[in-house]
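Heads up: the sequence lines are chains Z and X, in that order.
Heads up, the first sequence is in our numbering, so the first residue is 6 and it goes up one at a time.
Heads up, the second sequence is in our numbering, so the first residue is 8 and it goes up one at a time.
Don't read these hints as lab results, they were simulated from the structure.
Keep in mind that the hints are not guaranteed to be accurate.
Unchecked claim - Selected chain X positions facing chain Z (in silico; Cβ < 10 Å): (1) Asn130; (2) Leu143; (3) Phe367; (4) Ser371; (5) Lys388.
To be verified - EDC-like mimics (lysine to aspartate or glutamate), calculated; alpha carbons at most 16 Å apart, straight line: (6) Z:Lys180 to Z:Asp137; (7) Z:Lys93 to X:Asp196; (8) X:Lys163 to Z:Glu159.
Stated by the list, open to error - Calculated from the model, a selection of chain X residues having no Cβ within reach of chain Z, i.e. all distances over 10 Å: (9) Leu119; (10) Trp339; (11) Leu342.
Since we're looking at a predicted model, the values are computed, not measured.
Just so it is clear, CB atoms sit at the ideal spot from N, CA and C, and this is done for glycine as well.
Read off the chains here:
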Amino acid sequence: MWLTDQPEILSTINFIPAQTFRGFSLTVIIGASTLAVFFILRRKIRTHVSWAAAVIAMAWLPLYANLIYNASYDLIENSDYNRLNLEKRRILRLCNMDHRQGLGNSFCQLYSFFSYAKSLLPQNSVVSLAVDPGVSPFFTYYLYPHLTIGNVAEADYLLFYYPIDYRYENGILYKRSGSVETREELKIGEYVVRGAMGRAKLILEKIQP
Amino acid sequence: MIFSGFKIFFFFFTLTLFGWCTLTVTRLRLTFAVKSALAYGAGCFLVASQLFVYLFLFRATFNIYWFIFVLAVEFSLMIAALWRRGVIKKINLGAIWPAARSLKAMELIFLLLIVLQLVFSLNNALARPTMTYDSLAAWSFKAKALYYEKQISFNKDDSLYLGGGGHPNYPWLLPLVQFWFAEVSGSYDDLASNLVPWMFYLATLLLLYGLIRESGSRLMALAVTWLLASTPLFFYHSFNAYADLPLAFYILAASGFFYRWLDNNEQWALLGAGVSFGAAYLVKNEAVIFFLAALPLLVSLVWRRRCPWKQAGLFLITFAAAAAPWLVFQLWHGLSLQNTPGAGLGFHSKAILPLVDNFFWIGSWNVWWFIVVGVLAIYFKNIYRDSGLSAIWLLLVFTLGGFVAMYIFTEQYLYAVDFTASGRNTLAVLPFSMLVVATTFAKALPAVNKNL
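If we strip away everything but chain Z, and leave its shape as in the complex, we get:
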């Protein structure tokens, strides 16, 4: 209960999930207990700071132990990172987050798709994206400066990576739009497959009219 492995996942940057005891947050259990002790010892705490310090230290240490446990774990894991070059470190961190969050490898395979796209397409090409909005910043950051992200109209190429609202069939790219009930498919344009890494990871080239 005290020492819970809390590996980093994508949402860690926004909040650290609570450790729980039978589904109840340990933050609340320890925090409320601290308030109760504060109330019981209020006279001593009001006049002797050492009492306040002791209560705060007792309240802080259990969850601090977990932080140290996880930081030590990360320190050991970093020895794996330190053996790799920068590109492989990126892949490792992405894959670790993907596996620990159960994202089904879609994040883990991102970087190999970037490398594939960079090797296949001419440098400085403008590409548009048919991807989940959750991964589009990864494309923008890692493809730049080799490739530039542009809109569908100006781009000669399109990167198709597990998109939610796009469908590619018989040389035509469609985009679904509207609510689930009124969903309609709009034709985006005609494309040929320039490269593929499975069925949901395609590099498409626009057929010029």
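Dock chain X against the given chain Z, drawing on the hints supplied.
Then chain X, alone, in the frame of chain Z:
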């Protein structure tokens, strides 16, 4: 490897030295710890604001030699001024060693625990490349694109319009310091970029220590600094290139100055608060809420004739002057303060429970906010009786109230419901809240200086 280490050291040393000289020239009365911490923040702010004016307001193409020349001239003038005043001859770094030798056992334990957190964090910063969403979408991408383009695009049809990436309305301090780092080191490296926020982590810890030390004992200052260093979300941000931790640094500086003015009525401290709030505005737009939270206090003090209106006016002018580059640019290009379209005022009760969870349920803060509630309840009478303490507590309450109101009454509630922003806003308040609690102990229990 050794050469990279030297370049990193050279970059941070010169940036901090630049800030140090500026602070010394302005003759602010600061302790060594506070000055050292502020020196890094001042260096970042000065370099970033000049880069911003050069690239965004003058729309110039970046030329590193020209920029180094400008900085070298400024640096030389400051060194000359300090030499004439005999400041350089008086610097005595040897005084640090006796202070370090006099550490007691408990103080040494807390110091080692803080160093341990710094080691864990630095190891992560150097091992794990940038991978978090906003860093890739905005902060680090802007730095990377600027490094390769050397100029800002003002063409609305360009994918790199106003620096590219998501959120063109985000301020530029962090990307510009990352960019400057890349320029000085000769290559853009997303791993090395992590070091800029890590240095803010170190500077925030040092600043908190120094500010507490002004009124409390060394043991208390080290103990509270350790609490901050080991707060889980604060620790996690220290090795991921996000702007929330740098924002927390400038807000802590502003609050520290503001409290010093409230407590000792030192006018220069109010001006320092104005500049720090302005610098914070170049880090994140949220800084405006912290600034607005200070205004009711200032107005009430002017109303009660405890603060001359000229002093209050100077505070507003220094804030506006420091925030001017970004403020002018924002108004010029019609960039919004918020990410959601329209103000959309209304009552969003859905946000209340997630906000309560943010403070008291999740694991981001250990049990810090329970401690804040406990300290406020127990020392309420002491706080009420001391005008300085009550004012700094009111500033904390107004700041938190400002964020809570933003999430309950505007369309921003979405970011509280999905936990994507409320926690990071709380992170910016965290060091300031620790200063408030520590100051309460020091003021309410004067014997703290002897006993703890």
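Hints and how they fare:
1. Taking 10 Å as the C-beta cut-off, the interface hint given for X:Asn130 holds, the closest approach to chain Z being about 5 Å.
2. Against a cut-off of 10 Å between C-beta atoms, the interface hint on X:Leu143 holds, since the closest Cβ of chain Z lies about 4 Å away.
3. Annotation: interface hint on X:Phe367 holds; nearest CB of chain Z at approximately 6 Å, less than 10 Å.
4. Checking X:Ser371 against chain Z: minimum C-beta separation of about 5 Å stays under 10 Å; hint holds.
5. Because the smallest distance between the Cβ of X:Lys388 and any Cβ of chain Z comes to about 9 Å, under 10 Å, the interface hint for this residue holds.
6. Simply put, Z:Lys180 and Z:Asp137 have alpha-carbon atoms about 13 Å apart, close enough for the 16 Å limit, and the pair holds.
7. Using a Cα cut-off of 16 Å, the hinted pair Z:Lys93 and X:Asp196 holds, with the two alpha carbons roughly 14 Å apart.
8. Restraint check: the Cα-Cα separation between X:Lys163 and Z:Glu159 comes to about 14 Å, which is no more than 16 Å; the hinted pair holds.
9. Once the 10 Å rule is applied to beta carbons, X:Leu119 is consistent with being away from chain Z; the minimum gap is 13 Å.
10. Residue-level check passed: X:Trp339 sits 25 Å from the nearest beta carbon of chain Z, beyond 10 Å.
11. Listed as a non-interface residue, X:Leu342 keeps its Cβ farther than 10 Å from every Cβ of chain Z; the least gap is roughly 19 Å.
Hint violations for this structure: none, all hints satisfied.
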